[in-house]
Amino acid sequence: MASYYFTIIGTLDRPLYELEFASFKNPTAQGVPGKSQFSASVKEILPFIANSSLDVVEDAQWNSNQFHLGKIDAFFGLQVNGYITQGNIKFLLCYETPTNANLALHAKQDDTTLKQFFNEVNDLYVKCLLNPFYSVNDAITSPDFDLRVKLIVRKYL
Amino acid sequence: MSEEEIILPSIASGVKSLTVNDRPMHEFGYNPSLGPHSNEITESSLNILLNRKTISLTPTSTHSIYDRNILGTKKHELSISSLSFLFGEVVSWSHRSSKGIQDLENRLNGLGYKIGQRTLELVKLRERFKNTKREIRLVEMLQFIHSTLWKALFGESANELERSQDINNEYMITDNCPLMAKFINIPKDYGNLNCSALTAGIIEGALDSAGFYAHVSAHSVPTDYMPQRTVFLIKVEEEVLIREDLRGGPMN
Amino acid sequence: MKVYAIYILNKAGGLIYQNDINPGLNKLSANDYLVLAGTIHGVHAIASKLKPTEFEPSSKPFGGEKEIPIESSATFSSSISVRDSTINNDVVNGRWNNPNTNNTGLRSIETDLFNVYVFQSLTGIKFILITSPNPIVHNVASLNLKINKGELNRQFDLAKEIFHNIYVTYSDYVMKDPFYSLEMPIKNNLFDSKIRELAK
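Order-wise, the sequence lines are chains A, B and C.
With the first letter of the first sequence counted as 1, position 61 gets the number 61 in the working numbering; the numbers rise by one all the way through.
With the first letter of the second sequence counted as 1, position 244 gets the number 244 in the working numbering; the numbers rise by one all the way through.
With the first letter of the third sequence counted as 1, position 173 gets the number 173 in the working numbering; the numbers rise by one all the way through.
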C-alpha cells in the first residue's frame, strides 16, 4: 500500500492544492485505507521535495511538447511524476519507491494509469478555473473539487 | 501558542480566505492554511468515497460543474445581439469608471486577460482528442491562437497572421470583421480607441499564461470595404525570443 | 422609386438623423429641417386621432387606411393616407402586419413632386422617407382607378421594405453602440455607410 503526495503548483510556485493519500488497491488491515502512511519526518519535507523538482519541470517544459512529463525526479526513495498544463500549472505526484515485490506492477502503472489520473485532474482543474470567483493562482478550496480528486484517486491509484 | 502571524502558503483572493481555524465540511476541501492535513482521508470521508454517497458539500453541489462534461465538441451558438448588448454594456461600464481613452483600453484589456487565461486551458483540453501536443514554440502558439482559439471564440479563424518586417519581436493577427465590436462606432473625439482591446486582452492572457510573455494591443486599420478591420499587434518579450533561440529557435 | 432623403425623429419630434442620399431635393436651412421634422411629427400625432365615423371594412384599399383627397393647391394635387388607431382591420382583411410597428397616424403623403412615407417604431422613433413621386398617378388617376391603386400599393410596399431594412440597421448599428445615448443626434459613420448601401 503505497503512499502518495499530490500537489498542484501555480505559476508563482505556490501550492494551490495538496493531498496526501495511500493507494486504495491491496489495503492492509491496519489503519484507514487511503490514509497516507508517510512517517512524520517524510511528511514534513514532502512540499520541499515537490518544489525542488520544479527546476526539472521547468527545464522539461520547453523540451517536451507532452502534457505528461513522466518521472522527472527522485529524492531519497521518493519519486516525483510531473504533468504540466498549457497554462503553466504543474501537477506533481510524489510517491515512495516501490519495494522489489511490486516493482513490476508500478512500472506498468507509471505510464498509463498516471497519465489517465493526470488527465482527469486536468479536466477538474479547468472546471475549477471556469468558476468566475476563482482566479489563476488562487488556492483551490472547493470541497467539491476535493471530493472529485479523491474519487479519481480511488479509481486509478 | 505564539501570537505571531502565520505565513500562509497561498491565499484565496476570493470572497473570503480560510484561516487556521476553519475546518472543512464533511472532511472535504483543502485549506491552504493547514496544508495537506486539512483534507486527509479519514474514516468518515472514506465512507463517502467508497460508497459514492451523494452529499451536498456546497449549495451548488447538485448542479456542480464538476459533474458536467466540458469536453463536448458540440457547437454552442450565441445570438450576436445578446453578445453585442452585453459587450456594449461592458464598454460603457468601463467607460464610466475610466479616466481616459488609454485607461478604458487598459480596463477592457484586463477583462479580456482573464478570459484568455481560461479559454486557453479549456480549448486546449477540448482539443486533446485531435492533438495531444502542448504548444512550446512561439510560432506554433500564435498559429494555435490564430486558428483554434479564434474558432472556439468567434466561430472562424482570424484572417491573417504575419510577422513584422522590421521589428523581429512583433507579430500581427488581423481580423477583417471583429465579432465583438461589430456594431460599435467610435466617435471622432475618441481618437484611436478600439474596443477590440478586449480581444487583445484575450490574446495577451492566453500567451502570458502559456509562458510566451507579450504585450498585445488592438489597432484599427480600415479599408474601403472593411471599415472595422483590426490588427492585433503582439509584442513579444525579449526573454521569450532568447528562450526560443536556446531551445532550437523558431520553427521556420 | 428613388429615395431622396432619410430622416429619423426621436420621440419628441426632434430631428436626430438626416441623410440626403440622392440629390434631387432643394436644400433647406438647418432650422427649416427642424421645423419640417416637428411639423410631420405634429401632423402624425393629430392624424392618429382622426377617424371616420362610418366604418366599412370591405371598401378599405389596404389595411385600415383611408384615402382622404385633399383639394388641389395651386402647385400640386396630393392625397394623404391615414391609419386609424382604433379599428383593427388586420383581423377583418387578414392582412399580415409587422407587429413591430406602431400603425397609427400618418403613413404617407403623395404629391406630384415627391412622396413622403412615415414609419413609427413601437418606441416612438419615426423614420421618414422622401422619395420620387408615383410615376403614373396623375396620368391614370382619372382614367382607371384600379391600375392607380396597384401602382400605389407597389410603391408603398417598396417603402415598407426600405423601412424594414432601415429599422434593422438602426437596431444593429445605433442601438448596439455603447457610445450612443438615446434620443440624441446620430453621428455614426458605420450607420451612414450602411444606410447609403441600403438606398442604392
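Incorrect hints may appear among the rest.
When the alpha-carbon atoms are kept at most 27 Å apart in a straight line, the in silico BS3-like pairs for lysine-lysine are as follows [said to hold, decoys possible]: (1) LYS71/A - LYS25/A; (2) LYS27/C - LYS176/C; (3) LYS114/B - LYS176/C; (4) LYS130/B - LYS155/A; (5) LYS182/B - LYS27/C.
Hints were generated in silico from the structure; no laboratory data involved.
No experiment lies behind these values; they were computed from the predicted model shown.
*Which of the numbered hints are not met once you compare them with the structure shown?*
As far as the earlier hints go, 2, 5 are violated by this structure, in ascending order.
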